[in-house]
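Novice: The primary structure of each chain is shown beneath.
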Amino acid sequence: MPFYVSPEQAMKDKADYARKGIARGRNSVVVAYDEGILFVAPNPSSALHKVSEIYDRIAFAAVGRYNEYENLRVAGVRFADTRGYQYAREDVTARGLANWYAQVLGSIFTESNKPYEVELVVAEVGDSPAGDQMYRITFDGSVADEHGFVAMGGQAEQVAGVLKERYSTGMSIEAALGAAIAALSGQGNGERAEINASQLEVAVLARGRVHRTFRRIRGARLEELLSQAQQGGKAAGGKAATGAADGAGEDAAGEPPPGHGTAP
Amino acid sequence: MGADYLGGQFTAACLSVGTSSFADFLATSAPDLLPGARGVGGQVPRDLPHGTTIVAMEFAGGVIMAGDRRSTAGNFIAQRDIEKVFRSDDFSCVGISGVAGIGLELVRLFQLELEHYEKLEGRTLSLEGKANRLAAFVRGNLGGAMQGLVVVPLFAGYDEDTGNGRIFSYDVAGGRYDERKFHGIGSGSVFARGALKKLYTDGMSESDAVTACMQALYDAADDDSATGGPDLTRQIYPVVAVVTEDGFRRLTDEQAGEYAEAVVGERMQSPGGPIAPLRQTST
Chain A
1 MPFYVSPEQA
11 MKDKADYARK
21 GIARGRNSVV
31 VAYDEGILFV
41 APNPSSALHK
51 VSEIYDRIAF
61 AAVGRYNEYE
71 NLRVAGVRFA
81 DTRGYQYARE
91 DVTARGLANW
101 YAQVLGSIFT
111 ESNKPYEVEL
121 VVAEVGDSPA
131 GDQMYRITFD
141 GSVADEHGFV
151 AMGGQAEQVA
161 GVLKERYSTG
171 MSIEAALGAA
181 IAALSGQGNG
191 ERAEINASQL
201 EVAVLARGRV
211 HRTFRRIRGA
221 RLEELLSQAQ
231 QGGKAAGGKA
241 ATGAADGAGE
251 DAAGEPPPGH
261 GTAP
Chain B
1 MGADYLGGQF
11 TAACLSVGTS
21 SFADFLATSA
31 PDLLPGARGV
41 GGQVPRDLPH
51 GTTIVAMEFA
61 GGVIMAGDRR
71 STAGNFIAQR
81 DIEKVFRSDD
91 FSCVGISGVA
101 GIGLELVRLF
111 QLELEHYEKL
121 EGRTLSLEGK
131 ANRLAAFVRG
141 NLGGAMQGLV
151 VVPLFAGYDE
161 DTGNGRIFSY
171 DVAGGRYDER
181 KFHGIGSGSV
191 FARGALKKLY
201 TDGMSESDAV
211 TACMQALYDA
221 ADDDSATGGP
231 DLTRQIYPVV
241 AVVTEDGFRR
251 LTDEQAGEYA
261 EAVVGERMQS
271 PGGPIAPLRQ
281 TST
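Listed in order, the protein sequences are those of chains A and B.
Position one of the first sequence corresponds to residue 1 (the working numbering), numbered consecutively onward.
Position one of the second sequence corresponds to residue 1 (the working numbering), numbered consecutively onward.
Simulated from the structure, these hints should not be mistaken for laboratory data.
Nothing here was measured: the structure is a model prediction, and the numbers come from that model.
It is possible that some hints are incorrect.
If you want a taste of the chain B side facing chain A, the calculated C-beta under 10 Å gives, among others [to be verified]:
#  : residue
1  : PHE10
2  : THR11
3  : ALA13
4  : CYS14
5  : SER16
6  : GLY18
7  : LEU26
8  : SER29
9  : ALA30
10 : LEU33
11 : ARG108
12 : LEU109
13 : LEU112
14 : GLU115
15 : GLU118
16 : GLY122
Note that CB positions come from ideal geometry on N, CA and C, so glycine has one too.
Work out the full structure: start from the sequences and follow the hints.
Specialist: Rendered as structure tokens:
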């Protein structure tokens with residue numbers, strides 16, 4: 001080991017290390033739709049989650065090293081519950097949480113030997129689409145305010161490019177899911193992507209739900225939604241129409257049914 | 001205080017591997033947010049808001065819990081419409097008797113405890129687990145209880161494994177007791193339990209069970225000044241919670257009002273309530 005490493009070099013080495021670690025994993029996407037925010041992550045495991053609930057209207061998505069982002073998820077839930085308990089439930093915001101994550105990740109990046117190889121998105125569903133918020137926090141504590149959609153992980157630019165083509169404000173959940181899958185499978189030309197429900201982790205923050213808005217979509221429900229989304233993708237071609245034009249099905253199927261909380 | 005609280009020690013606690021219990025987490029990271037952790041030295045103020053009747057009853061689909069709306073401070077009515085029965089999570093409810101302020105804090109913490117566990121672990125606690133956590137909270141308040149800040153809850157829920165409702169009662173030392181059929185707590189519980197004893201049968205329908213609870217609360221209010229009866233002039237009725245396989249549901253004011261007005265209407269003819277037969281006739 002050299003006696004002296006310049007700070008720039010040390011930081012650059014850490015940053016490269018973290019980026020490489022994150023790039024090893026698969027990309028995930030977050031897309032806003034008319035009735036909430038959709039999270040799609042390739043995940044063959046049904047027990048270990050990349051997308052999770054933090055609070056009533058706030059969810060957490062991550063890529064990178066599982067034990068590290070799982071640690072951050074637990075910390076985020078504790079932070080949110082404590083703040084909500086200390087003040088009131090309405091006082092817990094994604095912005096506050098994102099800033100806190102930025103501080104935490106920033107300290108870890110600077111002070112510890114090994115940075116966390118993680119990239120996080122914290123999202124909050126608003127009372128209207130204009131109130132939806134998405135924040136991306138990277139391994140070194142940088143926060144970015146995102147709009148409409150976020151691509152996370154190694155090939156983020158490519159994935160974001162596909163999303164940008166297919167995204168439109170106020171799209172239906174089927175259209176959003178179709179765009180997400182197309183982006184994740186690297187095909188932007190409306191071809192049917194070879195992805196099935198068992199390989200995906202899909203969740204939403206559904207605007208209309210009372211109290212806790214987070215809901216996982218899986219099993220038969222996910223398969224139904226996937227088939228509708230993929231039909232829509234075939235019809236739409238490259239450019240996104242707003243969901244209705246695709247014949248991708250009415251929102252009745254897309255709307256998560258009211259009822260119980262997130263008990264999986 | 002306030003946002004500054006969330007400093008280094010708290011952050012470190014958030015990131016540490018540890019418990020899924022919110023109360024235990026607060027104990028290590030922010031102990032003064034816990035109810036009862038604030039030391040009460042010296043004289044406890046007299047005339048803190050107090051008093052209650054809460055009843056719970058099993059029926060064919062699950063369990064009902066109902067509570068009156070009065071809180072008293074000495075001889076004054078401190079609040080006419082206080083709510084003492086709460087949803088603790090999708091399949092359970094909790095009612096509190098004793099000092100209102102401490103009780104409400106306890107409920108709030110308990111609700112958060114259950115939700116916190118579910119978010120961290122990805123599953124809900126078993127009904128037994130929830131009952132045990134509540135017992136631990138009551139035990140934690142023993143110091144306050146000995147100084148007069150008593151809180152005793154009543155806990156009921158739908159057990160998804162057995163498909164039945166279950167009722168749990170507590171004592172100030174944190175003892176937890178399974179109750180069968182029905183139970184009541186609070187200053188008026190003596191009268192309420194007597195009424196329920198005569199009204200209860202196994203496998204009642206929901207509307208019969210709610211009516212029985214309304215009758216019991218009416219009888220409690222009739223004989224205990226710290227329990228309030230239905231206030232028809234202001235339309236303040238007992239809070240009635242129903243927990244079944246479909247989850248927790250609280251009757252709306254309109255629905256509770258219908259039951260309350262039916263009970264009061266009959267009392268106009270028979271002030272003591274429905275007359276029980278002197279002997280059990282063979283069925």
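Novice: When the structure is checked against the list of hints, which entries are broken? Sort them ascending.
Specialist: none
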